[in-house]
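Number of protein chains: 2
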Amino acid sequence: MALSHAILVCLTERPMSGYDLAKFFDTSIDFFWKATHPQIYRELKKLGEKGHVSSIEEVQSGKPNRIAYSITDGGRAALKEWSREPVALPLIKDDLLVRLQAIEYVDKKALKEQVATRLEAHREQLGQYFHIKDVRFSDGQPPAEDLGKLMGLELGIQNEQGWISWCESVLERLEADKQ
Amino acid sequence: MALSHAILVCLTERPMSGYDLAKFFDTSIDFFWKATHPQIYRELKKLGEKGHVSSIEEVQSGKPNRIAYSITDGGRAALKEWSREPVALPLIKDDLLVRLQAIEYVDKKALKEQVATRLEAHREQLGQYFHIKDVRFSDGQPPAEDLGKLMGLELGIQNEQGWISWCESVLERLEADKQ
DNA sequence: GGCATATATGTGTCAATGCACATATGGATG
DNA sequence: CATCCATATGTGCATTGACACATATATGCC
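As they're listed, the protein sequences go chains A and B.
All you need for our numbering is the position in the first sequence, starting with 1, plus 1377.
All you need for our numbering is the position in the second sequence, starting with 1, plus 1377.
In case anyone wonders, no lab produced these hints; they're calculated from the structure.
Treat the hints with care, since some could be wrong.
Since the list gives no way to pick one copy over another, a pair counts as held whenever it fits inside one copy or between any two copies.
SDA-like cross-link-like pairs, simulated, lysine to any residue; straight-line CA separation at most 25 Å [to be verified]: (1) Lys1423 to Glu1390; (2) Lys1411 to Asp1554; (3) Lys1489 to Ser1432; (4) Lys1470 to Glu1497; (5) Lys1400 to Pro1467; (6) Lys1423 to Pro1392; (7) Lys1411 to Arg1443; (8) Lys1526 to Ala1498; (9) Lys1485 to Glu1531; (10) Lys1489 to Ala1445; (11) Lys1489 to Glu1458; (12) Lys1510 to Pro1415; (13) Lys1427 to His1508; (14) Lys1526 to Ile1541; (15) Lys1440 to Val1512; (16) Lys1470 to Glu1481; (17) Lys1510 to Gln1535; (18) Lys1526 to Ala1379; (19) Lys1411 to Ile1541.
Using the sequences provided together with the hints, build the complete structure.
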């Protein structure tokens, strides 16, 4: 049920539609929470029924109408309650690491390509995070309410940098390991 | 369906029971794959039906009989096939980071405690990884078939160290942020 | 004596998730 | 002029996954 909280947290920033949220998940909080758009639309409906979000339909011509969701006082109260509950263990699943464990039973050529692809993805994500940091946190101390976002971003940057150097070192060693 | 592959990969190391696997997931590959024991037992059954693992029941007195699973040639072939498929996107969900994004709507005292708890968990995990590295990879170059495991372990260590320094810095800033 | 813990295996059930598909249209690319 | 991409919302279905519960016994702790 933590997707509902992740959505509420996004909506504390500004009202968003399901479409906006899907993009926001993809770009901004991608490294610690992923969600697909059907999941988001369904969850928004439930949140509406609980009264944690309110919605306004904006009529558009040509495109389908946009439904903008805002967090309500009830939603903010739910966030506060939730914040007192113990944190769930972080959930991680990474195929690539699993393959690496079985290196002698795996197609080496494919593995090298997969690590290279991953390296590229992390470089791109790092660029994205730097961009966000630039446009949002370039001017010295951020306001207190943005401190958490800055700290999350820093972890993301650190994480991407770690992955990048690790991928590079893995590629070197896979190349060296002729056979 | 990637749990099945994670299990097969574990079994390339040595035959294990469901119980062994659950512990192995918990301690060795915890940072990139998590699984609970009911999941593991059910998956083992399916793998048996497909012929990817074979099992031997060891009669024990007092305790329930232990069922030891081994990977078969069919299982190894399945691993090779799987290794050529594109890698699934890593899946990550981390509650703590979500809470941090909504720092102004969250119980600050609880948040500090939660970060501190997380810090402790990462310190412990780092110790565990160092221990594994020590007993398994202390003597110079590892054999080629263990290279992947060493590289995975290195990523785990790097990852834990990153988290530790990040948690420390977050705690400092949360303390500084009086209000 | 009771209670927790470790060993060892499972079932039953519901929530969460992923993926394919469905609909509608404007604008850009080739 | 066709195809792809972006905008925008969803349904339907199968798989995964989490969590409580169930069983059986030995050992150590208070």
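Checked hints:
For the homomeric pair Lys1423 and Glu1390, the shortest alpha-carbon distance inside one copy (20 Å) is at most 25 Å, but the shortest distance between copies (45 Å) is not. In this homomeric assembly, Lys1411 and Asp1554 never come within 25 Å of each other (Cα to Cα): the closest approach is 35 Å inside a single copy and 30 Å across copies. With identical chains, the CA atoms of Lys1489 and Ser1432 are never at most 25 Å apart, being 47 Å at best within one copy and 33 Å at best between copies. For the identical chains of this complex, Lys1470 and Glu1497 are neighbours both inside a copy (19 Å) and across copies (22 Å), given an alpha-carbon limit of 25 Å.
When the C-alpha separation of Lys1400 and Pro1467 is checked against a cutoff of 25 Å, the pair qualifies both within a copy, at 22 Å, and between copies, at 18 Å. For the identical chains of this complex, Lys1423 and Pro1392 are intra-copy neighbours only, at 17 Å inside a copy versus 46 Å across copies, given an alpha-carbon limit of 25 Å. Taking the closest pair of Cα atoms, Lys1411 and Arg1443 come within 25 Å of each other only inside a single copy of the chain (22 Å); across copies the shortest separation is 38 Å, beyond that limit. Within a single copy, Lys1526 and Ala1498 get their C-alpha atoms as close as 22 Å, and across copies as close as 23 Å, so both meet the 25 Å cut-off.
Only between protomers do Lys1485 and Glu1531 lie at most 25 Å apart by alpha-carbon distance; the minimum there is 20 Å, versus 34 Å within a single protomer. In this assembly of identical chains, Lys1489 and Ala1445 lie within 25 Å of each other by CA distance neither inside one copy nor across copies; the values are 44 Å within and 33 Å between. Taking the shortest alpha-carbon separations for Lys1489 and Glu1458, only the inter-copy value of 15 Å comes in at or below 25 Å, while the best intra-copy value is 46 Å. In the homo-oligomer, the alpha carbons of Lys1510 and Pro1415 never lie at most 25 Å apart, since the shortest distance is 29 Å inside one protomer and 43 Å across protomers.
In this assembly of identical chains, Lys1427 and His1508 lie within 25 Å of each other by CA distance neither inside one copy nor across copies; the values are 36 Å within and 48 Å between. In this homomeric assembly, Lys1526 and Ile1541 come within 25 Å of each other (Cα to Cα) both inside a single copy, at 22 Å, and across copies, at 18 Å. Within a single copy, Lys1440 and Val1512 get their C-alpha atoms no closer than 30 Å, and across copies no closer than 62 Å, so neither meets the 25 Å cut-off. In this assembly of identical chains, Lys1470 and Glu1481 lie within 25 Å of each other by CA distance solely inside one copy; the values are 21 Å within and 30 Å between copies.
For a Cα distance limit of 25 Å, the shortest separation of Lys1510 from Gln1535 qualifies both inside one copy, at 13 Å, and across copies, at 23 Å. Taking the shortest Cα distances, Lys1526 and Ala1379 sit within 25 Å of each other inside one copy (18 Å), while across copies they are farther apart (32 Å). In this assembly of identical chains, Lys1411 and Ile1541 lie within 25 Å of each other by CA distance both inside one copy and across copies; the values are 20 Å within and 23 Å between.
Against the hints set out earlier in the document, violations occur for numbers 2, 3, 10, 12, 13, 15.
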